[in-house]
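**Q** So the chains spell out like this:
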Amino acid sequence: MQLDQLLADRADLWRGHATPQAAPAGLSTGFRALDAALSGHGWPAAGLSEVLSAHQGAGLALLLPLLAALSNGGQHRDDRPVQPRVQPRTHPRWLLWVDPPHIPFAPALAARGLDLRRILVVHAGADAAWAAEQGLRSGTCAAVLAWTGTGSGTGSARAERACRRPPAAGHRRRCAGSSSPPRRPTPRCCCCAPSPPPARPRRRCCGSG
Amino acid sequence: MPRRAALGRLAAWAYGFSDQVSLVPPAALVLEAGRSLKLFGGAAALRRRVLEGVTGLGWRARCVLAPTPAAALVLAGAGAETGIVADHAALRRSLAALPVAALDFTAAELDDLQRMGIVCVAELLRLPRAGLAERLGIARLQQLERLLGERPDPRRAYVPPARFRAALELPAEVPDAPALAFACRRLIDELVGMLYARQAGVQRLDWRFHHADGPPTRLTLGSAAPARDPQHWLALLRERLDRLRLAAPVQAIAVSSEQLRPLAPADTELFPRDTGASVPDPALLDRLRARLGPAAVQGFAAVADHRPERAWRACEPQLTAAPPGRAPPAGAGRGRAARKGSDNPAPPGTATGERRDRPLWLLAAPAALELRGGRPWLDGPLDLGAGCERIDTGWWDGFQVARDYYVARTADGERLWIYRELRGAGGWFLHGIFGDDPADAGGGS
Chain G
1 MQLDQLLADR ADLWRGHATP QAAPAGLSTG FRALDAALSG HGWPAAGLSE
51 VLSAHQGAGL ALLLPLLAAL SNGGQHRDDR PVQPRVQPRT HPRWLLWVDP
101 PHIPFAPALA ARGLDLRRIL VVHAGADAAW AAEQGLRSGT CAAVLAWTGT
151 GSGTGSARAE RACRRPPAAG HRRRCAGSSS PPRRPTPRCC CCAPSPPPAR
201 PRRRCCGSG
Chain B
1 MPRRAALGRL AAWAYGFSDQ VSLVPPAALV LEAGRSLKLF GGAAALRRRV
51 LEGVTGLGWR ARCVLAPTPA AALVLAGAGA ETGIVADHAA LRRSLAALPV
101 AALDFTAAEL DDLQRMGIVC VAELLRLPRA GLAERLGIAR LQQLERLLGE
151 RPDPRRAYVP PARFRAALEL PAEVPDAPAL AFACRRLIDE LVGMLYARQA
201 GVQRLDWRFH HADGPPTRLT LGSAAPARDP QHWLALLRER LDRLRLAAPV
251 QAIAVSSEQL RPLAPADTEL FPRDTGASVP DPALLDRLRA RLGPAAVQGF
301 AAVADHRPER AWRACEPQLT AAPPGRAPPA GAGRGRAARK GSDNPAPPGT
351 ATGERRDRPL WLLAAPAALE LRGGRPWLDG PLDLGAGCER IDTGWWDGFQ
401 VARDYYVART ADGERLWIYR ELRGAGGWFL HGIFGDDPAD AGGGS
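Protein chains in written order, with the numbering used here: chain G, 1 to 209; chain B, 1 to 445.
Extracted from the complex, chain G is given alone in its bound form (with noise of 0.2 Å):
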């Protein structure tokens, strides 16, 4: 197949540099620039996207304002920069956080607009991966955070499997990647999040170390 014919196929595969002409409408990250730089706009509606930081605990920060927004069921607090827009969904849904590195401490979250009882967090250890594949086969999450650690990445391989294995016919993926030259060992949060229409059933990952 021509590379050409591959480029103009796939939504998820562009030239670098090059923005995609065909790429879906993204989540809206909650930052102007950040959005500018992202194909779609945002994080990308469904898959899985993964973020690499130098810091341990670096980049929830970055889906705040989108986890905020789903936890409300798709509304959002004034103070943010940018709102992102997120339908309306008739069932609140999870937030599942597997393994976050420390304790994602409640007050902070709160001010920052997130409904804290969306939010479950499992201690799963070994088995984080199965954690993380329940909620996303579970379509009753509207995303789901793994903290993977700085380990082989098998836990966001199996991540990404059950995203693209979805429970409902329709559901599309597209994988971000970014990565930073690691000084340290660089810990990794896979943040996967379906997104919420109900007739078309989508999931999105996207990332945070």
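Mixed in with the good hints, there may be bad ones.
[What the hints assert, rightly or not] Derived DEER-like restraints, expressed as beta-carbon distance ranges:
1. G/36 to B/206: 54 to 62 Å
2. B/381 to G/36: 31 to 39 Å
3. B/357 to G/36: 39 to 47 Å
4. B/172 to G/10: 32 to 40 Å
5. G/8 to B/229: 42 to 50 Å
Calculated from the structure, these hints are not laboratory results. We treat Cβ as the ideally placed atom computed from N, Cα and C, and that holds for glycine.
Once you've looked at the hints, dock chain B against the given chain G.
**A** Structure of chain B alone, referenced to chain G:
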């Protein structure tokens, strides 16, 4: 198992077909089916479902539908070929063909009838009633009248128990736990039949697997919300059975539930709206907890307390409906109020405790920092910034804190929350990580 108990369990299950079930010991149940016919699609369909259900629970049964309960009992007891007697005329015909011995008469009475030359019910019914009453007594006459539907036949309704209990002897010993799921399925079906009948769910099931000797192996399944979906319970059970080590082969299984809880039918709107009051699906929570244990899956909440360790708490994931207004846990105004009063302890639980100036991550235990030249050091000197926040409180509940908190920056710009201990031996500790909030990183907070 005693027959009586088995009959009670069947009655509880039969409640799914009729709200009027009565026990007729030793081995019969009477269901008032008139009001259920339409629901189940007619007499034949109802009878088929009852028979299928009973067979599925491991019993053999005869099932007769007749216009009167007494006649249904007599016909079923006599092993009638026809399962459905449509009306009173057909009832008379079916009864007439039976021998009098099929009626529930004493041996003496039957002898008496035989001496009169009466062999089948048809001959008995032809006799004048007055003479019959004289010969057999008024009670027997009334019994006949009830049989024919000429006299009302009220029966004491069975009242199902408040909790579910059932047991099952296995036909052969089962050595490995996952293989038990098949047998457990039968008990779950029985449970679910009862739950449907009662419009109820259960939140906890206690399983006991009995061995030839030694104490039984116990297993408790919990559900975050009252549940009655058989697939749900079976999935939770399988998850646990897969990891269960049996000390010995299993001979019998027993299960009991806690109190049944009413299960509100799901309200569905014509035009569903996001009310915010509906609940995330608890099934995921149950699956995770079945494998990882209840403590490994938690929600958390902010608490209005100045001590960082007490400013959050792990809590049960919230399955209750949100309070009206669905405001995310606080308004900005209240947040400011909490900040303003930072030297007065805010009573826990009254405010919501949200603090924008707090780090996203809190270390489970403060980590002692190295000191170099009298300054805290973490991969380089830490820049302590402009000011500090003193938190000195908690003398009243045994967790006293006296610390000066600083927002420190590492050499490569990471923001950390560190404190200087004011009590005891002092020292510097790392307590939180701000986690590079891009919104705040520019101006600091």
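**Q** Each hint: holds or not?
**A** Hint-by-hint comparison with the structure:
At roughly 58 Å, the beta-carbon separation of residue 36 of chain G and residue 206 of chain B lies within the given 54 to 62 Å, and the hint holds. The hinted range of 31 to 39 Å is satisfied by residue 381 of chain B and residue 36 of chain G, whose Cβ atoms lie roughly 36 Å apart. The hinted range of 39 to 47 Å is not satisfied by residue 357 of chain B and residue 36 of chain G, whose Cβ atoms lie roughly 29 Å apart. For the pair residue 172 of chain B and residue 10 of chain G, the beta carbons lie near 56 Å from each other, so the given range of 32 to 40 Å is not met.
Checked against the hint of 42 to 50 Å, the pair residue 8 of chain G and residue 229 of chain B passes, with Cβ atoms roughly 46 Å apart.
Hints 3 and 4 from the earlier list are contradicted by this structure; the remaining hints agree with it.
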